[in-house]
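Chemist: These are the residues of each chain, in order.
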Amino acid sequence: MRFLLTRIGFYLSAFWVAITLNFFIPRWMPGDPATHLFVSLRGKMSEEALAAIKVAYGFDGTLWDQYVAYLGKIFTGDFGISTTNFPAPVAETLFYAMGWTLFLVGISISVCFALGMLMGIKAAWGQGKFFDSFFTPFNVMLYAFSQPVIALLLFYGLCYQLEWFPLGRAHPPMVIPGFTWEFISAVAYHAVVPLLTMIIVGIGSWHLGMRNNMINLINQDFITLAQAKGLSERRVVYRYAARNAILPQITSLAMTFGYVLGGAYIVEVMFNYPGLGKFSLAAIQARDYAFIQSQLLLVTACVLVANLISDFANVLLDPRLRYAEAA
Amino acid sequence: MNQIDTAKLETALNLKNKQKFARLPAPLRMFLLDSKGAIGLLMLLAILLMSLSAPLLSDYDPQRRAGGSHEPPSAEHILGTTRMGKDVFTQLVYGGRTSLLVGFTASLLSVAIAIVIGVSAGYFGGVVDELLTFLTNVMLVIPGLPLIIVMASFFDGGASPFVIGVVFAITGWAWSARVLRTQTLTLKNKEFITAAELIGERKWRIVLIQIFPNMLSLTVGGFVLGTIYAILAEAGLEFIGIGDPSAVTWGTMLYWAQSNQAISFGAWWELVPPAVAIMWTGAALTLINFSVDQITNPQLASQKNQSKIRRFLKGASA
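Protein sequence lines, in the order shown, are assigned to chains X and W. Sequential numbering from 1 applies to the first sequence in our numbering. Sequential numbering from 328 applies to the second sequence in our numbering.
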């Protein structure tokens, strides 16, 4: 328990750092949101209105007062009112968008993780053979081809030229969301190309990571012993080598989660997908600070929870950690 | 990650049976003799050279109208013109300057921060280590890209390429710092460091002259990875419209091609060149990274995997 408790303590303090950063960033940057609005209206706004807006944004009083008020709002779940989706509260839009993003990210990460792991195992076990010398650089290069490029190519190839897939959106506007075959099939159909983009770009790092972990393990004595015992190759590869090589991968799974949540921005913008990226971009263009800040907090919270889950998973999967816990 | 083992590197090199560049230090030889690294380096040099000699290659101004809208490639405009009538080839070579410069400087800055933080944490230990390690771990778990987007969004008229670069450096140093700290910890207890301490060398001299050179290839590895990340992420941010759209970079070229619907007009030449440039650079840096990886971890370089048993049996029968 001690290990997990220290981890939880760490994540709580990391969250505190994140919310504090989130508080200070707009205050460090030139011009607060209210003044921004004031300037952009070119004097059509009275001084009283400016003061009122400052209060609404929490930019009044001393820095300390602002900070305390800000913390209070976060813990009561009050994210303020979004100006772009007025009068919907930020939280409502945020959770709607988060659902779509998590759908994309969840599926693409799982597929990338599984496929990358299998390919990495195969590459490591046959190090220097054809599969390894071709697919390892190939998959990693796909990552370096970058998401916007792959998204554009797939969009123009599959959606625009061949017209196999729709040009965007999560589902046609006339299909009403619900637990119906019509809705589910429409969503699946619309998600194919966005998912394909994320999977093509994402697989390389898992492949390479797994391969390198495996190669470091293959020369160790317990693998030699397993082979000497005459165990089948399958058993040696999966039960002995891969099981150990996967542990660091689980930790990076949680870490990439944040990166992929960010990466979904590109796909969502390209395919007009109603996820977090699309909404935050609209919010940025409209300078909707309440929304921008809340989405950063939400993403941070998700990533921290993902990290915590990976810690739990590591304890479950790694007997060494488990025994250290018990002792 | 282990300390670089020169002996292992030498063995791996001898396996390859090559005597070329025999005077160079082992890591450098390894890099030059590995075909992946050499090809990657050539590819990178080619694109660097092209970007650096931009004014020689083109007489047009990347920001100004040079012809009609969406002119197809011709002798006058090698890669055609954009919808705004700007010369695509000129934008490509000038854009490369900014994209590559931002990528390299952002990565250099973040490696510099990583060295300072990682090495001081490892070498000084105690409270310094605890504080710096905490900072590193926090930076590792706070998602970088959304943070960058939020920070970039506070700049008027979009973040300039250099603002994006600086923000990358500030958010992207944590992983290298962690690796360098571990490396410093293993080096700290080596005899030659103790010897230097006993002679009475000053601490900053030990760090700079004794510890740092031993981590050069790790640093280079971090630098290459950082550059890939910075170039790709900059292009990504500009593509979705966070960057300053008036700057000429590969990312903004993609952005304009997309928002002007170049493909609907059949103007593939507005879209393909920046896409190929990004892919080319990405491929080059990836190949370089493969070679650098083999230097920091020679096991990755060893030829076909042979189980110890088979090797033992072979040895016994010989």
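These aren't lab readings, by the way, just hints derived from the structure by calculation. Incorrect hints may appear among the rest.
Claimed, not checked - Here are the computed lysine to any residue pairs in the SDA-like style, where the Cα-Cα straight-line distance is at most 20 Å:
#1 W:K530 to X:K229
#2 W:K363 to X:R243
#3 X:K129 to W:P352
#4 W:K363 to X:G126
#5 W:K363 to X:K229
#6 X:K129 to W:L627
#7 X:K229 to X:R243
#8 W:K517 to X:G209
#9 X:K129 to W:Q537
#10 W:K515 to X:K122
#11 X:K129 to W:K515
#12 W:K530 to X:S205
#13 X:K129 to W:Q626
#14 W:K517 to W:K530
#15 X:K122 to W:Q626
#16 X:K129 to X:K229
#17 W:K363 to X:A301
#18 X:K122 to W:P352
#19 W:K530 to X:G128
#20 W:K515 to W:S487
#21 X:K129 to W:K363
#22 W:K363 to X:F138
#23 W:K363 to X:E233
#24 W:K515 to X:P274
#25 W:K363 to W:P352
#26 W:K517 to W:W502
#27 W:K517 to W:G452
All figures in this text were calculated on a predicted structure; none of them were measured in a lab.
Chemist: Hints first: check each against the structure and report whether it holds.
Modeler: Going down the list of hints, with the structure as the test:
{"no.": "1", "hint": "W:K530 to X:K229", "in the structure": "violated, 52 Å"}
{"no.": "2", "hint": "W:K363 to X:R243", "in the structure": "violated, 30 Å"}
{"no.": "3", "hint": "X:K129 to W:P352", "in the structure": "violated, 29 Å"}
{"no.": "4", "hint": "W:K363 to X:G126", "in the structure": "holds, 19 Å"}
{"no.": "5", "hint": "W:K363 to X:K229", "in the structure": "violated, 38 Å"}
{"no.": "6", "hint": "X:K129 to W:L627", "in the structure": "holds, 13 Å"}
{"no.": "7", "hint": "X:K229 to X:R243", "in the structure": "holds, 18 Å"}
{"no.": "8", "hint": "W:K517 to X:G209", "in the structure": "violated, 29 Å"}
{"no.": "9", "hint": "X:K129 to W:Q537", "in the structure": "violated, 39 Å"}
{"no.": "10", "hint": "W:K515 to X:K122", "in the structure": "violated, 37 Å"}
{"no.": "11", "hint": "X:K129 to W:K515", "in the structure": "violated, 39 Å"}
{"no.": "12", "hint": "W:K530 to X:S205", "in the structure": "violated, 38 Å"}
{"no.": "13", "hint": "X:K129 to W:Q626", "in the structure": "holds, 15 Å"}
{"no.": "14", "hint": "W:K517 to W:K530", "in the structure": "holds, 15 Å"}
{"no.": "15", "hint": "X:K122 to W:Q626", "in the structure": "holds, 17 Å"}
{"no.": "16", "hint": "X:K129 to X:K229", "in the structure": "violated, 26 Å"}
{"no.": "17", "hint": "W:K363 to X:A301", "in the structure": "violated, 40 Å"}
{"no.": "18", "hint": "X:K122 to W:P352", "in the structure": "violated, 33 Å"}
{"no.": "19", "hint": "W:K530 to X:G128", "in the structure": "violated, 44 Å"}
{"no.": "20", "hint": "W:K515 to W:S487", "in the structure": "violated, 41 Å"}
{"no.": "21", "hint": "X:K129 to W:K363", "in the structure": "holds, 15 Å"}
{"no.": "22", "hint": "W:K363 to X:F138", "in the structure": "holds, 12 Å"}
{"no.": "23", "hint": "W:K363 to X:E233", "in the structure": "violated, 31 Å"}
{"no.": "24", "hint": "W:K515 to X:P274", "in the structure": "violated, 52 Å"}
{"no.": "25", "hint": "W:K363 to W:P352", "in the structure": "holds, 19 Å"}
{"no.": "26", "hint": "W:K517 to W:W502", "in the structure": "violated, 24 Å"}
{"no.": "27", "hint": "W:K517 to W:G452", "in the structure": "holds, 16 Å"}
The structure fails hints 1, 2, 3, 5, 8, 9, 10, 11, 12, 16, 17, 18, 19, 20, 23, 24 and 26 (numbered hints given earlier, in ascending order).
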